[in-house]
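Novice: In order, the protein sequences belong to chains A and B.
Under our numbering, the residues of the first sequence are numbered 2 to 365, in order.
Under our numbering, the residues of the second sequence are numbered 2 to 365, in order.
FYI, nobody ran anything at the bench for these hints, they're computed from the structure.
Each statement offered as a hint is correct.
Have a look at the derived ranges for each label pair, beta carbon to beta carbon:
| hint | chain 1 | residue 1 | chain 2 | residue 2 | range |
| --- | --- | --- | --- | --- | --- |
| 1 | A | 7 | B | 330 | 53 to 61 Å |
| 2 | B | 294 | A | 191 | 40 to 48 Å |
| 3 | B | 331 | A | 25 | 53 to 61 Å |
| 4 | A | 296 | B | 195 | 46 to 54 Å |
| 5 | A | 198 | B | 310 | 34 to 42 Å |
| 6 | A | 316 | B | 316 | 37 to 45 Å |
| 7 | A | 320 | B | 211 | 15 to 23 Å |
| 8 | B | 365 | A | 296 | 53 to 61 Å |
| 9 | A | 315 | B | 296 | 51 to 59 Å |
| 10 | A | 191 | B | 316 | 22 to 30 Å |
A few chain B residues that face chain A, going by a derived Cβ cut-off under 10 Å, partial list only:
| hint | residue |
| --- | --- |
| 11 | 76 |
| 12 | 80 |
| 13 | 164 |
| 14 | 229 |
| 15 | 235 |
| 16 | 254 |
| 17 | 260 |
| 18 | 289 |
| 19 | 290 |
| 20 | 304 |
| 21 | 314 |
| 22 | 316 |
From a predicted model like this one, the values you see are computed outputs, not experimental measurements.
Note that beta-carbon positions come from the ideal geometry of N, C-alpha and C, so glycine has one too.
There are 2 protein chains.
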Amino acid sequence: MNGMKKVEVNDLRDFIVEVFEKMGCTLEDSLQAADILVRAELRGIGSHGAMRLVEYVNLWKNKRVNVNPDITIVNETLGTALIDGGKGFGLIVAPKAMRLAIDKAMNVGTGWVSVRNSYHFGIAGYFAMMALDHDMIGIAMTNANPLVAPTFSKEPLLGTNPIAVAVPAGVEPPYVADFATAPIARGKLDQKFAAGLQAPEGLLQNEKGEAVTDSDILSKGGAIKTLGGDIEHGGHKGYCMTSIVDILSAVLPGANFGPLVVPTLGYLAGEKAGEDRGIGHFFGAIRIDAFQTAEEFKDYMDLWIRTFRGATPVEGQSAVLIPGDIERVSEAEKIKYGIDLPEKVAGGLLQISERLNISGKFLK
Amino acid sequence: MNGMKKVEVNDLRDFIVEVFEKMGCTLEDSLQAADILVRAELRGIGSHGAMRLVEYVNLWKNKRVNVNPDITIVNETLGTALIDGGKGFGLIVAPKAMRLAIDKAMNVGTGWVSVRNSYHFGIAGYFAMMALDHDMIGIAMTNANPLVAPTFSKEPLLGTNPIAVAVPAGVEPPYVADFATAPIARGKLDQKFAAGLQAPEGLLQNEKGEAVTDSDILSKGGAIKTLGGDIEHGGHKGYCMTSIVDILSAVLPGANFGPLVVPTLGYLAGEKAGEDRGIGHFFGAIRIDAFQTAEEFKDYMDLWIRTFRGATPVEGQSAVLIPGDIERVSEAEKIKYGIDLPEKVAGGLLQISERLNISGKFLK
Numbered sequence: 002m003n004g005m006k007k008v009e010v011n012d013l014r015d016f017i018v019e020v021f022e023k024m025g026c027t028l029e030d031s032l033q034a035a036d037i038l039v040r041a042e043l044r045g046i047g048s049h050g051a052m053r054l055v056e057y058v059n060l061w062k063n064k065r066v067n068v069n070p071d072i073t074i075v076n077e078t079l080g081t082a083l084i085d086g087g088k089g090f091g092l093i094v095a096p097k098a099m100r101l102a103i104d105k106a107m108n109v110g111t112g113w114v115s116v117r118n119s120y121h122f123g124i125a126g127y128f129a130m131m132a133l134d135h136d137m138i139g140i141a142m143t144n145a146n147p148l149v150a151p152t153f154s155k156e157p158l159l160g161t162n163p164i165a166v167a168v169p170a171g172v173e174p175p176y177v178a179d180f181a182t183a184p185i186a187r188g189k190l191d192q193k194f195a196a197g198l199q200a201p202e203g204l205l206q207n208e209k210g211e212a213v214t215d216s217d218i219l220s221k222g223g224a225i226k227t228l229g230g231d232i233e234h235g236g237h238k239g240y241c242m243t244s245i246v247d248i249l250s251a252v253l254p255g256a257n258f259g260p261l262v263v264p265t266l267g268y269l270a271g272e273k274a275g276e277d278r279g280i281g282h283f284f285g286a287i288r289i290d291a292f293q294t295a296e297e298f299k300d301y302m303d304l305w306i307r308t309f310r311g312a313t314p315v316e317g318q319s320a321v322l323i324p325g326d327i328e329r330v331s332e333a334e335k336i337k338y339g340i341d342l343p344e345k346v347a348g349g350l351l352q353i354s355e356r357l358n359i360s361g362k363f364l365k
Numbered sequence: 002m003n004g005m006k007k008v009e010v011n012d013l014r015d016f017i018v019e020v021f022e023k024m025g026c027t028l029e030d031s032l033q034a035a036d037i038l039v040r041a042e043l044r045g046i047g048s049h050g051a052m053r054l055v056e057y058v059n060l061w062k063n064k065r066v067n068v069n070p071d072i073t074i075v076n077e078t079l080g081t082a083l084i085d086g087g088k089g090f091g092l093i094v095a096p097k098a099m100r101l102a103i104d105k106a107m108n109v110g111t112g113w114v115s116v117r118n119s120y121h122f123g124i125a126g127y128f129a130m131m132a133l134d135h136d137m138i139g140i141a142m143t144n145a146n147p148l149v150a151p152t153f154s155k156e157p158l159l160g161t162n163p164i165a166v167a168v169p170a171g172v173e174p175p176y177v178a179d180f181a182t183a184p185i186a187r188g189k190l191d192q193k194f195a196a197g198l199q200a201p202e203g204l205l206q207n208e209k210g211e212a213v214t215d216s217d218i219l220s221k222g223g224a225i226k227t228l229g230g231d232i233e234h235g236g237h238k239g240y241c242m243t244s245i246v247d248i249l250s251a252v253l254p255g256a257n258f259g260p261l262v263v264p265t266l267g268y269l270a271g272e273k274a275g276e277d278r279g280i281g282h283f284f285g286a287i288r289i290d291a292f293q294t295a296e297e298f299k300d301y302m303d304l305w306i307r308t309f310r311g312a313t314p315v316e317g318q319s320a321v322l323i324p325g326d327i328e329r330v331s332e333a334e335k336i337k338y339g340i341d342l343p344e345k346v347a348g349g350l351l352q353i354s355e356r357l358n359i360s361g362k363f364l365k
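So here's chain A without its partners, still in its complex pose (with noise of 0.2 Å):
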């Protein structure tokens, strides 16, 4: 592919454990990292991926997050837990987050585990999909830095605020939803800009609030819309919806919500005034067992995706697609062929190679 570098998997993994080793955490949180931001690659959503590790070496270098932090129980009954992250990477607390709602919905039927202090986490559907292996479903969600205008408002109060449910099935694969509750994310539009293209009708307001298509309108004070757009198209369900996930993962746990939550990079200026309590998360199991047994459920769950999947596409479309379809494929592909990084982003990993003093061949 033009402008992209092929690297084999194994290879980018082994550089981004290094590259966490380097800031000086643990191998074990390395490698919980590393396969985070890899299965982001693997499940073609780049924007979550390798990308990100020069924010996180940036986090690092000024000091804003701590590299092997105490992560701690605030508050805990038999089937919750409140953890505060010890301003740690979100891909170091996250995992452990989850593991522990896994845990208490062994015993309870479900577990529950809000999280505060803690920092973007990569693909929310990992966490949803740690769950299926256990014969639970996962649910994994939060908050973001303010992107998103909820219905009437001039200013971006919410983030693009993910969420992720991953559901086991029997024969047919999982289901796994992964999806931002904004209409379009940032970088889909920073591509359309790049490439001098507008974006589609409804997603956009400038900083009157007025309709726009204009692709760099968030650099200008613009925001997205809710997802459905105006009232007539049922905006004010997505806004419910972008704010249920901020409440959720930010209010609930006692995090930065909405509008106090700080861009990574405008956060190294530590120009925010008042106390910070990083970003939050809401982690979520369900054991199926807890209902019906496992076998019926995901029987049941088979002809679900069956029917799903049966049904008449439109012209123009091979078949309806039931959700995490398109990024298993990309998985499975890309186990086989290597990662295409674009050179940008490969460039960036190589800058980190020479600044941390690790191997960066793979990348030339």
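Since the structure of chain A is provided, determine the placement of chain B on it from the hints.
Specialist: Using the frame of chain A, we list chain B on its own:
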């Protein structure tokens, strides 16, 4: 108001109680059912209020519902339960399920109850709000008959599947989101059709999957698109949302999912083959003080609400709203001034009063 019949809240409530008692429901269940329908009217959600009585009476006349259902716990853990609604009215089954979720949350931090073999349960928000008095976050969702076409599908496979989330606050009134996950309700399309109006662009498709604005398209084999519309506008995220509700509400408890759900009136025809498992619901209660103290949380939630309410509105709007604001204002007004029933709805109730030999004087 033109074409409207104003009724006193208590007159309407007493009437509905009598209708359910005449059908053979216990006084306790009748009071509960009436409370839900009246609450829908008060909150300005007439589509889920008194007008549904006609349907309920038809279900009863055709012996398709058990007025004294055997509501059983099929399976439970400390934090969860699967309930079989015994083919009872959702208005009777659902409050018991939500109460059980709240009880479980008292003990282990959260409670989650899924329900099968139930019917239409009214407004989801009623059940979510039951948690508020216990300093809990309440969650309620249900699946419904298929009107919504998944991304790329010609066929409607999903219901408008509502979600409600109620969050307690301190000085501020609570946050209450209660919304169909589809961009527009069938009732609103019917209103547009009756008024000779087209639907907004981007919400509907015909039987070939082509974009249309015909507000009568559902009766011609068409479908509502998912929230967001096409892929460019994030419609696949709406598909994720609506399908998650279907899976949690119906696949998890073993109710009829998506296309297996038969519309209430269609259902009367008894055309559907196979085992009937009714529709399904999913309820959750999250105890605030399993995370932070209720006081800390409520203070912080007040700050969230004030921050959003205080954001600068776009031109032509007076304020950014908090989910639940409109319904709360409606409720206060109607408690004071009474409820305006459309004449068609009042006429339907009058017919029921004659059929069941109940005084319908207040409707004349």
